[in-house]
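Chemist: As a plain string of letters, each chain reads:
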Amino acid sequence: MSQRGLVVLLLVLVPASGFAAEQVSRPQDALGWLNLMAEAPSKVAFSGTYVHQYGGRMESSRVTHAVDGTGEYEKLVSLDGPAREIVRKNDDIVCYLPDAKLMKYDRKRARKFFPALLSNVPDLLENYSPKLGPMDRVAGFDCQWVYLEAKDGFRFDHRFCAELAAGLLLRSMMISDKMEVLEQFGFTQLSMGSLITREQIKSDYADQQSAWQADNSALRDSPRMDSGWLVKSLPSGFKKAWEMKRMMSGKSQPVVHQVYSDGLASVSVFIESPQASTAAIAGPVRQGNYNFFFRSFQNHAITVIGEVPQASLQMIGNSLSEPMPQK
Amino acid sequence: MKQEISALMDGEIDARAAGGLIQQVAHDKELEDCWAAYHLIGDALHEACIHRAGLQAKIYARLAAEPTVLAPKPRRTWATTRRGRRMSLAAAASVVAVSIAVWMVDRDHGSGFNTAQITPAQFSSPDPSLLQPAFAPAVAAEMNEYLQAHQEYSPSGYQLTTLRTNGAAGR
Amino acid sequence: MSDREIDQQLVERAQRGDKKAFEMLVAKYQRKLSRLLSRLIRDPAEIEDVTQEAFIKAYRALPAFRGDSAFYTWLYRIGINTAKNYLVAMGRRAPTSTEYDSEEAESFDDAYQLRDINTPESELLTKQIAQTVNESMALLPEELRTAITLREIEGLSYEEIAEIMNCPIGTVRSRIFRAREAIAEKLRPLLGTAKDRRW
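Residue numbers (this note's numbering), protein chains in the order written: chain X, 1 to 327; chain E, 1001 to 1171; chain D, 2001 to 2199.
These aren't lab readings, by the way, just hints derived from the structure by calculation.
All figures in this text were calculated on a predicted structure; none of them were measured in a lab.
It is possible that part of the hints are untrue.
What the hints assert, rightly or not - Okay, derived cross-link-like pairs now, DSSO-like style, lysine-lysine, Cα gap no bigger than 30 Å in a straight line:
id	chain 1	residue 1	chain 2	residue 2
1	X	Lys232	D	Lys2127
2	D	Lys2127	E	Lys1002
3	D	Lys2127	E	Lys1058
4	X	Lys151	D	Lys2019
5	X	Lys112	X	Lys239
6	E	Lys1058	D	Lys2186
7	X	Lys151	X	Lys240
8	X	Lys202	X	Lys112
For reference, chain X alone in the conformation it holds in the complex:
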């Protein structure tokens, strides 16, 4: 679609189904709540402020989300640190970086934006057991906790708190096997179902676009590629979600980047020719809340990283096989 299309569309908001007067029958069990949480962002309009905590950081963002017959519209504004903004319509994204006067066009692909963290609920059930938790209150809304307990030691537990009326995810946590909160998202302020105008979804920098640089490179990259590298032993439930070649600082050659996911957790595998710096580390490393695993294999440097236990990284990192030589 046209790159200007994002800022030209008219937006009218449809109030969330089940909001206010309508009574929606509440889900009876954890699975019902999960399904509701997965659907809510495509049905509910909302705006609010949420906090994301991970790896020693905490970042607040302001989100405005609208839904109409043509899809979902969203605007995300960073409240901490350097100014950043993302405007999204369905799968199309524009990132505004005012400090660099740069606009980057991209596609959403496999990425998820809070509170739309749940999708493909049936797939999740293979690896996680749903359980109902207690009731709570977040940002002024009553909500219901749902736990997703890892069925094995290859992943961590997750917890989600769903607003009662429409099932919007209000707070989520990922919890390690030592009962530490590794990552969480949570609304600190929220209003739901009100009409949202076009202005509210438009970027604050929309008028300045002509003076800024536009970066289309993400759109031009081949969306998926297959390097031929295979992971022979994947922990159960993990599937390859993405693969690409990317340039990274200080490296003269592109690096193969594969992403494996079980629907909630993900593992990245980076494969490259050995560089001077990577030769220094080998084996498992924990940095902040992320586990890393480094290995050299057949004249390549392998880096595996993910918000999963070491067992998963090692199983993946140790079972890579090289591509078959091309004819």
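Following the hints, put chains E and D in place on chain X, whose structure we already have.
Modeler: Below, chains E and D without anything else, positioned relative to chain X:
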């Protein structure tokens, strides 16, 4: 020690102690041979003995060549001593972070945790790219870049922080 | 802790990547499994191959073992399937009297004589081992012999043995251990030292 192997094979040892003992057997050839010898005696007494010399060695050799199987069960253990909690408020980088930190930690009662048990591990270091001192800065920077690249695709949530302003990295 | 609980601990350790724990299970069950498979396969060299295969298959299948059954029944089932597949691959069928499952496997007559199946040399070694063990048993002081007999042959717990022998449990534990060590000492020369042959 060997007496404990004897008790272990009869199941006459406390379940918790068994774990530690098995660990020792794994690292001590003599103990491992002891375990095998006592079982051989048991089998002989049962006349269950069909003894092929070297079979056990052959099986061990094939096992050594097998890729290590991993099928860990989920474990949930509460961490006992935590420095993190006290450091969390002190280490928070900004006023906003502090107030939200208090909010996040104190609100945990609803999620089933009580605040004494949960330690937001993320607060223990205000600088997320702070690595153990053993890593050279170049290495630390590299690890950080892998981390950012990973976070771009992590389904646990895309956040604005993964946007990088330098055009070279990431594309 | 029951026998099943010991096995469960060993399995869980193996599932977390501890190969030695699986080796301990091999040491515990390899002869029993061979004996079981000898009902299906006559040639001792083939029994050996199939036993090996079965253990490796069990190791690879560890992620699928959830502890619903005892480890040894699960192992025996794998062993029997491996043996059957082997026979099919060789173009042979298992003896018809052996259409059984692993539950039956456990109730086999302990006095089953294997002489017609063993090769001369392994039969000799088996005989020597049995002889050494029996001789050592006979030479043991009476209370050690009683303790180990009650434990190994009768399968009684230390507590039950303590009651029967009218002594503290600690004494039972020590007697059984001393009996085993005494026999093991006589066995070790037979099996070679740890250095030259892992038996």
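Chemist: Can you name, in rising order, the numbers of the hints this structure does not satisfy?
Modeler: Result: hint 1 breaks, nothing else.
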